[in-house]
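Chemist: Chains as they are written, first to last, in the working numbering: chain A, 1 to 114; chain B, 1 to 110.
Possibly wrong hints are sitting among the right ones.
[To be verified] Listing some non-contacts, in silico: residues in chain B with all C-beta distances to chain A over 10 Å:
1) Gln2
2) Gln14
3) Glu15
4) Leu19
5) Gln33
6) Pro43
7) Thr48
8) Gly52
9) Glu54
10) Val55
11) Lys59
12) Lys70
13) Thr84
14) Ala90
15) Gly95
16) Ser107
[Said to hold, decoys possible] Quick list of simulated restraints, FRET-style, between CB atoms:
17) Gln14(B) / Thr54(A): 48 to 54 Å
18) Thr54(A) / Gly53(B): 33 to 39 Å
19) Asp38(A) / Ala78(B): 30 to 36 Å
20) Asn73(A) / Ser30(B): 27 to 33 Å
21) Asp38(A) / Thr20(B): 22 to 28 Å
22) Ala68(B) / Ser80(A): 44 to 50 Å
23) Val114(A) / Thr77(B): 42 to 48 Å
24) Arg60(B) / Glu79(A): 46 to 52 Å
To be clear, the hints were calculated from the coordinates, so they are not data collected in a lab.
A virtual CB, placed ideally from N, CA and C, is assigned to each residue, including glycine.
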Amino acid sequence: NAGVTQTPKFRVLKTGQSMTLLCAQDMNHEYMYWYRQDPGMGLRLIHYSVGEGTTAKGEVPDGYNVSRLKKQNFLLGLESAAPSQTSVYFCASSYSFPEHTEAFFGQGTRLTVV
Amino acid sequence: TQLLEQSPQFLSIQEGENLTVYCNSSSVFSSLQWYRQEPGEGPVLLVTVVTGGEVKKLKRLTFQFGDARKDSSLHITAAQPGDTGLYLCAGPPEGQNFVFGPGTRLSVLP
Chain A
1 NAGVTQTPKF RVLKTGQSMT LLCAQDMNHE YMYWYRQDPG MGLRLIHYSV
51 GEGTTAKGEV PDGYNVSRLK KQNFLLGLES AAPSQTSVYF CASSYSFPEH
101 TEAFFGQGTR LTVV
Chain B
1 TQLLEQSPQF LSIQEGENLT VYCNSSSVFS SLQWYRQEPG EGPVLLVTVV
51 TGGEVKKLKR LTFQFGDARK DSSLHITAAQ PGDTGLYLCA GPPEGQNFVF
101 GPGTRLSVLP
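Take the sequences, apply the hints, and build the full model.
Modeler: As structure tokens, then:
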């Protein structure tokens, strides 16, 4: 079982470049999330989706955009990367909101912006 | 200001020792979850506690939710190297979105 798959696993960007992080889940979950993890900060929610075609802002949405065109995929875009976006990014999915059910996480994408 | 604080930030112990890590908040939480994250991996859910005063056991791990639902603890008995990882607490403060704490990084030395 694949679960939640993120691509790529590592990426180095120059300031101002753009990129898209891909997340795919095969558990038929309605809810999907993008988090960033920084030392001493825990996981912070960037954007989330409660179903195909819907997206909503999380705690730290600035500088990011997302799309959920298909139920199984959730894309995170950086239009103009900044060094402050250097982080480890995690995608997750769940059947319902995370306080009611288990959230399953991908392995992460380590992004460095130079 | 983080809604969830965790202590200690780092903990290094020998195999066989017992330990307790803490998760605290000034807010009331409707539930709290504990996750463990191993290096290079995403977090994996260990347990969800819902009722104030609730105690749940998972083999050598004991989780407790405070009576006032503002804090939680994780106690590990006879720690093993396989327990090494980042322990995260998480939950929704009443009326707010789900949040994660900063984590306790545990290292169990053989």
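Chemist: What are the numbers of the hints that this structure violates, sorted from low to high?
Modeler: 1, 5, 6, 7 and 14
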